[in-house]
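Q: With chain A's structure known, arrange chains B and C on it following the hints.
Here are the chains, one letter per residue:
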Amino acid sequence: MRTKVILGLGAVALPLLLRNLYVIMFLVPDEMEQGPIYRIFYYHLPAFLVAACGYLTALVASVMYLVKKDQKYDAIAVAATETALAFAAVNLVTGMIWGRIIWGIWWAWDPRLTWALISWLVYFGYLMLRSAIDDPTERAKNSAVLSIFGSASVAVTWKAIEWWRTQHPGPVLSIRTGGVQKIDPMMENMIYVNFLALLLLGVIFMLVRLRQEEVQREIDGLRRYAHAAN
Amino acid sequence: MSAPAVAAAGVWKYFGDYPALRDVRFDLGAGECLALLGRNGAGKTTLLRILGGLSGASKGNVLINGGEVRASETRARIGWLGHSIGLYDELTARENLRTFGSLYGVTAGTVSEWLARVNLAHVADSPVREYSRGMRQRLAVARAFLHGPRLLLLDEPFTSLDDKAIALLQGLLTAARAEGVTIILSTHQIREAMELASFVALLDRGKLAHFGERTAEMLNDPGYLYRTFGSAA
Amino acid sequence: MTMLRHAAAIAAKDLRSEFRTKESINSTLSFSVVILLLFSFAFDPSPDMIAEFGGGLLWMVFAFAGALIVNRSFARELPNDCIDVLVASPASGASLFLGKAVACFVLLFGIECICLPVFGIFYNITWWRSLWALLGVLALGTWALACVGTFFSALTVNLRLRELMLPMLLYPMLIPALLSVMMLTNTLLTGQALPPDFSVWLRLLVGFNIMFTTLSVYLAETILVR
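Chains as they are written, first to last, in my numbering: chain A, 63 to 292; chain B, 11 to 243; chain C, 1274 to 1499.
Looking at chain A on its own, in the form it has when it is part of the complex (with noise of 0.2 Å):
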């Protein structure tokens, strides 16, 4: 069943992937000022959506854990981490590359990459944590209360670091500037058509894991029996 879900939304993301590339590539029109390299905010902005969308699932999976008490939970909250650090890798880096070429250099200390490179750091060192523990039920319990602690604190970094200084460019789609328009319609349309794919592909990464993460826990506790058998 599952093996099915995970095809049927390959089938899905895979044309809708290459159409999207065809269609930055090819027919959407450069930007005035910036030219060509804009198009890598089509990947940029939507990356870091879907980063957002997996931090989400896993506050509220490790939520559920610690109140059902239940190892899925904590397999979606890995998968979900692994696979929004793995998206947020890829806004870090396009918006690195495009810092190169209109900023001129690959790393500024502005408040959204800071912050970005922060809630990376944070995630990062949960699963750290994960690595350290052997135990599976201690291992889910602590790293749920740690992906908790994290995300209010990247909440709140959010915030601190807006205030500290700010260098990147302001928020473009319509829903955050009040409806006024600041890029032509048909741009801000290829970047949700695009989060769509990406979300997709984040989507069927996350289900590969947690089956990996179902099965890697049937093996330890295959283990432990074997041991105690002993």
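In case anyone wonders, no lab produced these hints; they're calculated from the structure. Just to be clear, a hint being listed does not mean it is correct.
[Unchecked claim] Computed beta-carbon distance windows for the label pairs:
#1 F1314(C) <-> A217(A): 35 to 41 Å
#2 M1276(C) <-> A288(A): 40 to 46 Å
#3 A290(A) <-> L229(B): 28 to 34 Å
[To be verified] Some chain C residues well away from chain A (every beta-carbon gap over 10 Å; in silico):
#4 F1304
#5 L1310
#6 F1312
#7 A1336
#8 P1363
#9 F1382
#10 G1383
#11 I1387
#12 Y1396
#13 R1402
#14 P1449
#15 G1464
#16 Q1465
Where a beta carbon is used, it is the ideal one built from N, C-alpha and C, also for glycine.
A: Chains B and C alone, transformed into the frame defined by chain A:
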């Protein structure tokens, strides 16, 4: 009818997918002494930790005198003695007992009384680090009994004790039984346990293989229980 | 009320243990002074530069010192399995946590109060011009460090790489608190006029403390009862 001193209802404990305890259920009346037997890894310590509120059950629940274990009033009546002594090496005996005593609302007078009872009054103000093994164990026993618990949970209490401490502990346990204190102790020393116990439980790979009154056969033949109720492996 | 009494007993016990052995006090104090000294090699400490990032430097030292202090917090309970006895006692997980966090706070704040004059001498600063406000801000920042640090100490106490893991988890999460306390300390250290965004940073710091203290107290029992 009052609630049993200890009531375990379908207690499961999972480590990941592996069940360390499987559907353990028993009621133990007030004033009884339960000897918890089983091989290494059978789940004795895990069960004791759940009964003492050190660890939560994955499924099922435990009631002590009808109250939840993690309720403060319940734990105020439990005495815990684990594998380790549970004392701070850098503090003196008196400071150790006062620290734990203050969590239970025990007065300084009671602390001095107990220091005398375990023959440590003369060294009460030197740090535990300087104590011999036997002295540390006696202090640990005093710590567990300090607040006059109504339920004692002892995890292999006789294993690492010297003869003096064993005599002391047996004396205290006998006195506690006379006062109607409920006792649960896990042990490998079947002979010592059988003399104290009124009930016997055998854990086999997380399952309660036997729970019942201690019979005369058990007292005379320590191997009887394992042969009769233990699994072939 | 009972909870505060239990927390006080735990804090008193931790402080007594620490003053008896002086393990973390001595090592943390000498470590802090060494770091303060090293900074003078990293850059030429002119008065202008100190006015610009003195607070940042100071809090770098305190953050390092804090990690050393909180690392010991729950590790102190490991020998002889004392943590089991504490969890089995009537004290709730929240009061155990609070007691330990208060002990860490007192130790760290004491170390800060020693480092401050040393910093003043090394870098030639008259740091006492707004002393009470400065101490207040230091206390707020120290509580953020002690609170989250102690909680993470409980979270990582059974791990093999505890000494490494703790700062790695702690620092990224403390960034909002460190950022605001650095800003505030910077201003107060040199007695500059308060900038207009002063209250924003103060609110952020207080908000951070309230949020994480609540989370820690609420989740302490979950972590300690295994």
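Q: Does each hint hold? Answer for all of them.
A: So, going through the hints one by one against the coordinates:
no.	hint	result
1	F1314(C) <-> A217(A): 35 to 41 Å	38 Å, holds
2	M1276(C) <-> A288(A): 40 to 46 Å	45 Å, holds
3	A290(A) <-> L229(B): 28 to 34 Å	30 Å, holds
4	F1304	23 Å, holds
5	L1310	27 Å, holds
6	F1312	20 Å, holds
7	A1336	15 Å, holds
8	P1363	23 Å, holds
9	F1382	23 Å, holds
10	G1383	27 Å, holds
11	I1387	29 Å, holds
12	Y1396	24 Å, holds
13	R1402	25 Å, holds
14	P1449	4 Å, violated
15	G1464	23 Å, holds
16	Q1465	18 Å, holds
Checked against the numbered hints listed earlier, the structure breaks hint 14 alone; every other hint is satisfied.
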